[in-house]
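Undergrad: In order, the protein sequence lines correspond to chains A and B.
For reference, each letter of the first sequence is one residue, going 1 to 325 in this note's numbering.
For reference, each letter of the second sequence is one residue, going 1 to 266 in this note's numbering.
Honestly, the hints are just simulated from the structure, not real lab data.
Do not take every clue at face value.
Unchecked claim - Okay, derived cross-link-like pairs now, DSS-like style, lysine-lysine, Cα gap no bigger than 27 angstroms in a straight line: (1) Lys-112(B) - Lys-52(B); (2) Lys-112(B) - Lys-172(B); (3) Lys-26(A) - Lys-135(B); (4) Lys-172(B) - Lys-135(B); (5) Lys-26(A) - Lys-172(B); (6) Lys-112(B) - Lys-135(B).
Unchecked claim - Pair by pair, the computed Cβ-Cβ distance ranges are: (7) Gly-12(B) - Arg-204(A): 19 to 29 angstroms; (8) Leu-275(A) - Gly-136(B): 57 to 67 angstroms; (9) Asp-124(B) - Val-209(A): 22 to 32 angstroms.
We treat Cβ as the ideally placed atom computed from N, Cα and C, and that holds for glycine.
Here's the letter readout for the chains.
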Amino acid sequence: MIVSRAVEAFGADYAQWRALTRTMLKCDFRSASGIQMGGTESQGGNKAFWFSLVWYALIGLYVAAIVGATAWISGTDSTEIVHRGTLLGGTVGMALVATMLGMAILIDFQTVVISPDDYDILAHQPVSSRTYFLVKLTNVMVYATIIGGLVGVPAFFPVLVLSGPAAAAGWLLGVVGVILATTLGIICGYAALLRFVHPQRLKRVISYVHMIFFMAVIGAPLLLGEALEPIFDRAELQGGFPTPDWLLLIPPAWFASFQSLFGGEWSVGLAVAALAAAGTVALLLYYASARLSFSYAERLGLMATSSEGRRKECPPTTRTAALLT
Amino acid sequence: MIETKGLTRTFGSTVAVRDLNLSVEPGEILGFLGPNGAGKSTTVKILTCMIKPTRGSARVAGYDVEQDSMEVKRRLGYVPEAGALYESLTAAEYLGMVANLRGIEGDYAHRKINEFLGLFGIIDARDQRLSEYSKGMKQKVLISAALISNPEVLFLDEPLNGLDANAALVMKQLLRELASQGRTILFCSHILEVVERICTRIVIINEGSTIVDGTAAEIAARTGTSTLEAAFAELTGVRDAADVTRDLLAALSSSGDEATGPSDRP
């Protein structure tokens with residue numbers, strides 16, 4: 001009842017939204033568990049799918065360790081919980097959540113963002129652009145919530161134990177914000193890039209970027225372990241990590257600021273950062289609604305059916321596109 | 001009914017449809033013909049509200065395709081030429097989705113789906129994924145999807161593609177029955193014998209414009225030919241089939257000679 005009212009308040013048709021959301025989730029889970037994860041729709045494919053979920057959960061433990069370590073060090077300098085420096089750990093944690101989520105959506109669930117097939121199948125059905133947008137948003141948010149939850153939620157527990165329930169609630173709010181911002185940001189960015197770059201070429205570039213990020217996530221702690229040790233020792237002695245002002249210029253810090261604010265740290269910088277996080281989500285939501293329309297799906301459909309060679313003739317008009325072509 | 005006035009669609013500098021004027025009355029089956037790239041599919045896409053015209057207007061079932069596209073879509077059924085389907089779904093799931101999108105729900109939807117799948121002889125495969133279906137079985141699902149909401153206007157782009165002889169026979173009989181009940185049908189096909197047999201009127205277009213409009217007999221008489229096939233070849237400027245065949249055979253034998261004697265090349 002609440003869901004149907006919310007859907008209708010958005011201007012979408014509830015029965016159509018329900019039918020299409022169910023359909024798209026079925027399609028995605030079936031293809032994700034088989035074809036897209038590198039196998040057939042068989043037992044092997046399902047194993048790969050579940051393995052990827054276990055992988056994201058392990059990354060979640062890694063994030064929890066980072067966030068927990070900084071919260072523990074920041075709270076050891078007296079009997080009172082000090083929280084100084086939780087922003088640094090939170091920022092690293094949020095950046096990891098955003099990176100893993102972004103890569104998962106772009107690589108494993110690329111067709112969830114927007115599929116050229118939708119245009120051929122649905123454009124002659126009586127489905128409004130608003131309903132279609134809400135279906136795609138719901139669809140992508142399901143995956144984003146699962147993966148973002150696996151990566152971001154485990155850190156809730158160390159923060160709860162070490163910094164208290166308010167800070168833990170702030171962490172969760174930040175995770176929700178970063179899931180929304182990353183998902184909507186990808187929709188907007190992906191859609192904008194596809195105006196200039198062929199989907200196949202973009203897919204290839206994303207695969208390389210994914211590989212680099214994968215190596216960075218795995219390799220960074222190994223490579224930087226010794227370099228970071230003195231920093232952790234100094235932070236332990238000082239009872240917290242130093243939080244430079246420029247840190248608040250980094251978007252993941254905006255979402256991490258909720259943990260610090262809810263935990264009792266107060267500063268104008270943190271408040272502005274929290275507002276920037278909320279504003280980013282609102283802005284992206286507004287912009288994404290134009291990017292998931294049928295007219296966009298039509299353009300993508302026409303582009304996907306044209307040959308990659310022919311696309312080469314179109315001169316890229318942005319610097320980003322020039323880098324990709 | 002279907003009505004277009006000065007309908008034009010361009011893609012960059014290419015004119016796909018040029019000043020097309022069409023009128024199809026309820027109860028008519030219009031054969032909409034033309035060589036490849038003549039503008040048939042583009043016209044159908046405009047009439048099914050999938051793309052917008054560059055100029056001119058079109059009305060389907062009394063509604064303007066640009067101003068009232070949702071009303072048009074509610075009243076039409078469409079079998080696309082390149083049948084796109086969500087292949088991870090089963091036939092029952094796919095038809096269930098289409099039924100729900102068109103306001104058909106619950107037991108009534110289930111009954112309708114089973115009825116269509118039964119009539120097309122694929123009821124046993126209702127829970128099999130569409131990716132496992134043959135081309136003909138997929139075509140049956142697409143036809144069922146187009147008919148499930150009992151539409152006023154039907155757009156059929158090569159609907160007999162891949163159908164076995166029995167299903168094609170059922171389909172042809174079905175179209176005649178639907179037309180006799182007052183539905184408007186636009187039928188695109190390259191199988192001219194079928195068009196000649198089931199269409200009440202034929203429009204042939206070339207390079208986006210109408211070149212002839214009439215019954216099969218009228219068109220044949222106008223071109224001084226005995227069959228629609230010959231009239232089509234005459235009107236669309238295609239060379240005589242016998243000449244083309246002879247030249248193709250000559251090309252095949254000459255390439256065969258070259259293949260056996262590459263050392264003779266300069």
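Undergrad: Kindly indicate which numbered hints from before are broken by the structure, ordering the numbers from low to high.
TA: Per hint list: 1, 5, 9 violated.
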